[in-house]
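J.: Generate coordinates for the entire structure from the input sequences, incorporating the hints supplied.
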Amino acid sequence: MSDRELKAVASMESPPAELPTEDLTSTLSSVGILVTQFLEWFGDLGIFFWQVVKAAVTPPFEFRELFRQLDEIGSKSLPLVALAGAATGVVLSLEARYSLTRFGAKSLLPSAIVFSVIHETGPIITGLVVSGRVGAGIGAELASMKVTEQIDAIEASAVNPLRLLAATRILACILMLPLLTLAADACGVVMGWVTQALSEPLSLHQFINSGFKGADFHDFVPPTFKTAFFGLIIGLVACYQGMRTEGGAAGVGRAATSSVVLSSLFVILADVVLVKLILIFWP
Amino acid sequence: MNASGQIAERPEAEKDSNAPAVAVEDLHKSFGSQKVLDGITLKVSRGETLAVLGRSGTGKSVLLRIIIGLQKPDSGSVRIQGQDIGGLNVDQLSEIRKKMGFLFQHAALYDSLTVGENVAFPLQHHKSEMSKSEQYDRVRKLMTEVGMEKDLDKMPADISGGMQKRVGLARALILEPDILLLDEPTAGLDPISSGEIDDLVLKLQEEHHMASIVVTHDMYSAKTISNRLALLNKGKVVIEGTFEELQKSDIEFVREFLKHS
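Respectively, the protein sequence lines represent chains S and G.
Its first residue numbered 1, the first sequence is counted upward by one per residue in the numbering used here.
Its first residue numbered 284, the second sequence is counted upward by one per residue in the numbering used here.
Because the hints were derived from the structure by calculation, they are not lab data.
All values derive from a computational prediction rather than experimental measurement.
Incorrect hints may appear among the rest.
Unchecked claim - Below, a list of computed lysine-lysine pairs in the DSS-like style, where the Cα atoms sit at most 25 Å apart:
(1) G:K355 - S:K54
(2) G:K506 - G:K355
(3) G:K424 - G:K381
(4) G:K542 - G:K506
(5) G:K381 - G:K415
(6) G:K519 - S:K54
(7) G:K486 - S:K54
(8) G:K506 - G:K486
(9) S:K276 - S:K106
T.: Structure follows, in structure tokens:
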């Protein structure tokens, strides 16, 4: 045996007795640091939100920038959201047809598609698509402005950047998400019908009548308007990540990535809570 | 009394009209263990230009950022026209900032706006009583003063560094400020462009009679555009005076700095 092999065997035969305890301590310490960092981040986000709210409710109001953002976030996200909604409708129709036929409940197909789309898939797909497109856009734009001192220049010009940049973007996200959700819902339902009609002739009128049978106000309004909360999350997280960026081009990249990852994650978590609340208040 | 019958609080600046335009007293600022400013005291009066010189990393830009309220000092005070800016809220600080113009080291133009829109930005936010045509006239007049009247519709990315500095200067002057802060106005420019910027700053100062603080490495530029110079080293003011007074100084650092300028 060579010296190296002997040392390897020796180390296998006599492992350090205290290693597991050290490992555990080190793991717990790492977890503790992560938890502390998360709580700090969350606390800073809360302070940032409060500052934005204060800036947003006091004049002067930045209506021109708000309309620009409504266009940027709403109109320009519409094709992507519509496409995602349509694709979801097709997939739902194909999957539901297969499952319901197996269980002899094919007549429920229109209702299954419509309820799935308006209750859950439409809102969550819209939230995730917008958090990808808009979250990355806002995060990268504001981060780039931060590292090139453009945000400082706004502040030096006696304009509150929280009012001009953050409040307008967050409000635009809040206002636009429900409208985009309606578009995703409509595209999902129509494409669900198209997919269904290709297999078995059925008019859109029949499909809609059958699909919305038994549906009422509570099936439609709360799931659609819960996306306003998704908008708040996307706008807030992206603005916060963008405006606190440091470190040049690498920082801009990090801000864009973290905006998408964190806003998508929080949209999914918020959805869990909101679905439960909707079921409690509108059973 | 104001319109609602309440007694309006008068700004301190109105109470003390003889106060210096900018007064910095015993300013301290550290980043972690690195002490950047260590007891800086400076005063600048209306119509006067102070050049702040020093090696890289001696806190010259930090000093300007503290004066305009973009950073907070660890201790010490900054008084603008007699009013202490420490403890002011965002809106109160904005009122003070309207009296100040700031030229950033890299101009910091808004890259999504045209050159003309960049210069008009402060007007659109603070002079809403002006009509669009009045705003346009003022922007055009100032852009003519800085020699860029033909470039109003260009994007910042399409003009040179020297031209960006000119636009930044026009934006800093558009609200006709009482105080002008210039962070490295000639850094990164060729000697001819530097000279043009110096001439422009001199001309604008003569026309507008502002109090100016110029942070620079460029001794020639400092000598040309300032009445007084302050030399910083290790966060402290080593010497303050005219260029001739600096030349006569026996302080080793001053002699070394002048030798290499």
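J.: Against each hint, give a clear statement of whether it holds in the structure.
T.: Tested hints:
1. As the CA atoms of G:K355 and S:K54 are separated by approximately 21 Å, the hinted pair is consistent with the 25 Å bound.
2. Distance hint between G:K506 and G:K355 is unfulfilled; the C-alpha atoms sit about 30 Å from each other, more than 25 Å.
3. Note on G:K424 and G:K381: the hinted pairing holds, with a Cα-Cα distance of about 20 Å set against a maximum of 25 Å.
4. Our distance criterion of 25 Å between C-alpha atoms is met by G:K542 and G:K506, whose separation comes to about 14 Å.
5. Under the criterion of a C-alpha separation no larger than 25 Å, the hint pairing G:K381 with G:K415 is consistent with the structure, at around 20 Å.
6. A C-alpha spacing of about 39 Å is found between G:K519 and S:K54, which places the hinted pair above 25 Å, so the restraint is violated.
7. Restraint check: the Cα-Cα separation between G:K486 and S:K54 comes to about 42 Å, which exceeds 25 Å; the hinted pair is violated.
8. Distance check on the hinted pair: G:K506 and G:K486 sit about 15 Å apart at the alpha-carbon level, within 25 Å; holds.
9. At most 25 Å may separate the alpha-carbon atoms for a hinted pair to count; S:K276 and S:K106 exceed this at roughly 29 Å.
Taken one by one, the earlier hints fail for this structure at numbers 2, 6, 7, 9, listed in ascending order.
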